[in-house]
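J.: The residues making up each chain are set out below.
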Amino acid sequence: MDRGFWLRVGWRNLGRHRRRSIITAMALAWGFAAVVLFNGILEGMGSDFIRSGTDLMAGQVRIQNPGYEPERELWDVIGGDGGIPVSELLDRVRSDPDVLGAAPRVYGAGIIASDSTSRGGLFMGILPEAEAQVTHFLEGVLEGAPPEEGAYQVLLGQELARQLRTSVGEEVVLVAPSADGSLGNELFTVSGIVRTGIPEVDAAQVVLRLDDLQFLLALGTDEVHEVAAAVRQPWDAPVVADRLTSELAHLATEMEVTAWTEFRPELVEFASLINGMNWVILIVVFLMAAFGVANTMLMGTFERRREFAVVKALGMKPGRIVAMVVGEALVLGLLAVAAGALISLPLVLWLIHYPIDLTSIAGEQMFMDGLFRFVLRVEHSWDIPIRSAVGLIVTAVVAALYPALRAIRVPAAEALAGR
Amino acid sequence: MTSKRNEPASSPAVETHELWKTFGEGETAVHAVENVSVTIGSGEFVALCGPSGSGKTTLVNLIGGLTDPTRGQVLVDGRDVGAMSERQRAQLRLDRIGFVFQAYNLLPVLTALENAEFPLMLRGVHRDERREEVSKLFKHIGLGGLEDRRPGTLSGGQQQRVAVARAVLGAPALILADEPTANLDTQASDALLEVMEILNQERGVTFIFCTHDPRVMRRARRIIRLVDGHVERDAEKESGNLPSWVLEPVET
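Residue numbers (our numbering), protein chains in the order written: chain A, 1 to 419; chain B, 420 to 671.
Chain B on its own, in the form it takes in the complex:
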């Protein structure tokens, strides 16, 4: 199935063309992503929703080049991710993409500051410069004074903010966030989403969220609903209200 919304809001940050991802073979084959064609413009704030197992995470992984499509094409900034070598994909992620994971996925042996500055270090940014950027952002998102703490000593909300800081530092063009608020309380979720909205509005960063969280979907300006691996609905949203189809149960 193709998307009902194919026209990009601006120049496309992400395009998928007849994208398939199949696990297993023969009778046991499962199509996690099934013939998905979507175009996401630069600066969009998109929520991917749908029931568990609908293919949201797989789609995000395909966009980020973390897994190969079975068929079809993923273009990020017009470049075919599937045609890239592992090294080229790593470079693309380093230069253009930030990831925020549901389980935070901070590196336990690094301090909060070292976790946040990790991508900058990979880019070869000088120590003083990256420390300055991290400190500035940490103060802004309420992590000031926690720089030297290891992830195990931080709360879930603090860890997720460090993960967001890691994703946004260096201003990537695209941030892929997989259930970023799933483990957070309301207050922490709102704080996190505010940071992301600011980044989206002030810096034009494109956000693609996988989410079940209505709070995230309310803030999104476009919602794509996946069911059984294909795009069931794709619509822009004007107000803070959620369209009724977003939370509709899946028809069997």
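Pulled out of the complex, with its shape left as it was, chain A reads as follows:
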């Protein structure tokens, strides 16, 4: 059977009522463009939410002692005696092709006292140069700089510094229970003030050099609580985590590699919500499109009753009549996809390459432990246009089924007699 012939027939039949066909195709095309654009923007927002929830402080993959969470005991470290040196662990993690950077961390809690008062503090030991490859919170340094090596310096959260009534260059004392059961204390100089935008963090965060906190907590220089890693695509994190698990499995030290999808499940739920919204938009728009196609095809079927009677008289089987009508809808759908792509492509490309920053209007918002900036951008993804195109074509074809069934039920003798 000549399939090209039926597509040609579909094309010509659409051409018989050019204005009606163009109006229907354009309605479908705008629907397609709207779905592609809104889905792209929602995907972009979802992706930004995920990044804001992982990039600020957490990272997208973390490696810890399996017993560290949820109690976060000081002695549940990775590395150290009998374990892999932290530098080697970092090298192995960084060698993964999808890993952008890896940073070691030590955590503790204690009291920080200034000349005038004291507060509880959450201590975080980092290597600033490594941390910058994994998270963005050091970009929020308002005054001074991150702590320097060998200088016994700390970076304080903005609110904590305010409450301690201290500032850059002044001295503070850190007191913390150590891993060996003793009470560690040390004098530090405030090297800078940082603002993350997360009130809880800004009111308690004390950032030290990794080795300074290890010393304060009586940990060895190869003992860390966590290695955090950033990956190229956040949604690839589970795959990277699985790969690193295999890669590190043979090492003497037992380690647990988890992706953000496990330690930030609320972000996954949010992503599912975004995905659900995308589907709702898709269904609503294409449901409207289905009525448009059904109307056009139904009118065409009524107008061509005699022609359907003729093809029946010539021996065309019911299935083929259905295929003929559906073929017409298929051509209409393909035209609409082409026109929709022409409409949406420039807008999508513009918003991919030139996102519109709405922070000046909407401000920065705290969302799921992340600081979210409203930036109107489209996430580059082939899934969305492909899914929308397939959706539109399937919609057109399904919407044509009822008119097609009407066509095969045309009473041939009556229709030929003009009744």
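It is worth saying that the hints were derived from the structure and are not from the lab.
Note that the Cβ used here is the ideal one computed from N, Cα and C, for glycine as well.
Among the hints, a few may not be true.
Cβ-Cβ distance ranges computed for the label pairs, FRET-style [as the list claims (entries may be wrong)]:
| hint | chain 1 | residue 1 | chain 2 | residue 2 | range |
| --- | --- | --- | --- | --- | --- |
| 1 | B | Val449 | A | Phe5 | 39 to 45 Å |
| 2 | A | Leu405 | B | Val449 | 26 to 32 Å |
| 3 | A | Glu266 | B | Gly543 | 57 to 63 Å |
| 4 | A | Asp383 | B | Glu444 | 55 to 61 Å |
| 5 | A | Phe5 | B | Asp609 | 33 to 39 Å |
| 6 | A | Phe302 | B | Ser456 | 36 to 42 Å |
| 7 | B | Thr572 | A | Val398 | 34 to 40 Å |
Based on these hints, arrange chain B on the given structure of chain A.
T.: This is chain B only, laid out in the frame that chain A set:
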């Protein structure tokens, strides 16, 4: 009423047994075809005549399986059309029956060539083969060079010849023609009838015409006259002359 001529000239191409077609119900019921039993042999050239509303077109539609009988039976090549599914009827029409309509009924979006080759395409005949057959026939019936023209750009005679080409290509055993010459001038009618006669004589195709046209009836070798849905006369005809009863007014 049954036919006065029940013996077939050869093996039957069409048989109807006590065939009825009634439109409407109760007091408003109209019997378009009323107790018609005829047998038409293979290779016959039959004209169905009678006044308008006598049931000619309905009878042809019943034979072609385009409408269901209210009662009775239609056999084409010995197969009961009424017992067939829609799909089986379509297959029967595709394989065995060609239709020629009064109003040509060409598909306006197709070219003359595409219209003519349409049934062959439905049968799955290869493109080159069907194009060759169409071209050959088009030349024979004076449509050479008009292959790519749409029906709207052809004269009535040309359109009807395309419709005949569509009906005869693939050599169906039976051609049902409903007033094929009604919209044609004398010259076009004669040309068309010649083609049909040739097909009948050379290929043994059975023709059943519904017609008011004396030119068609003169060429027919058997005339069945329908009045008010039943067969009033059914007779074979030897010469080119028309029997006087063919054109007699209906008695009221």
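J.: Next, verify each hint and record whether it holds.
T.: Status of each hint after checking the structure:
In this structure the supplied range 39 to 45 Å holds for B:Val449 paired with A:Phe5, their Cβ-Cβ distance being about 41 Å. In this structure the supplied range 26 to 32 Å holds for A:Leu405 paired with B:Val449, their Cβ-Cβ distance being about 30 Å. Separation of A:Glu266 from B:Gly543 is about 60 Å and conforms to the stated range, judged on CB atoms against 57 to 63 Å. Hint check: A:Asp383 to B:Glu444, Cβ distance near 59 Å, so the stated range 55 to 61 Å holds.
Between A:Phe5 and B:Asp609 the C-beta distance comes to about 34 Å, which sits within the given range of 33 to 39 Å. Against the hinted window of 36 to 42 Å, the Cβ-Cβ separation of A:Phe302 and B:Ser456 comes to about 38 Å, which satisfies the hint. As the Cβ distance of B:Thr572 to A:Val398 is approximately 37 Å, the hint placing it in 34 to 40 Å holds.
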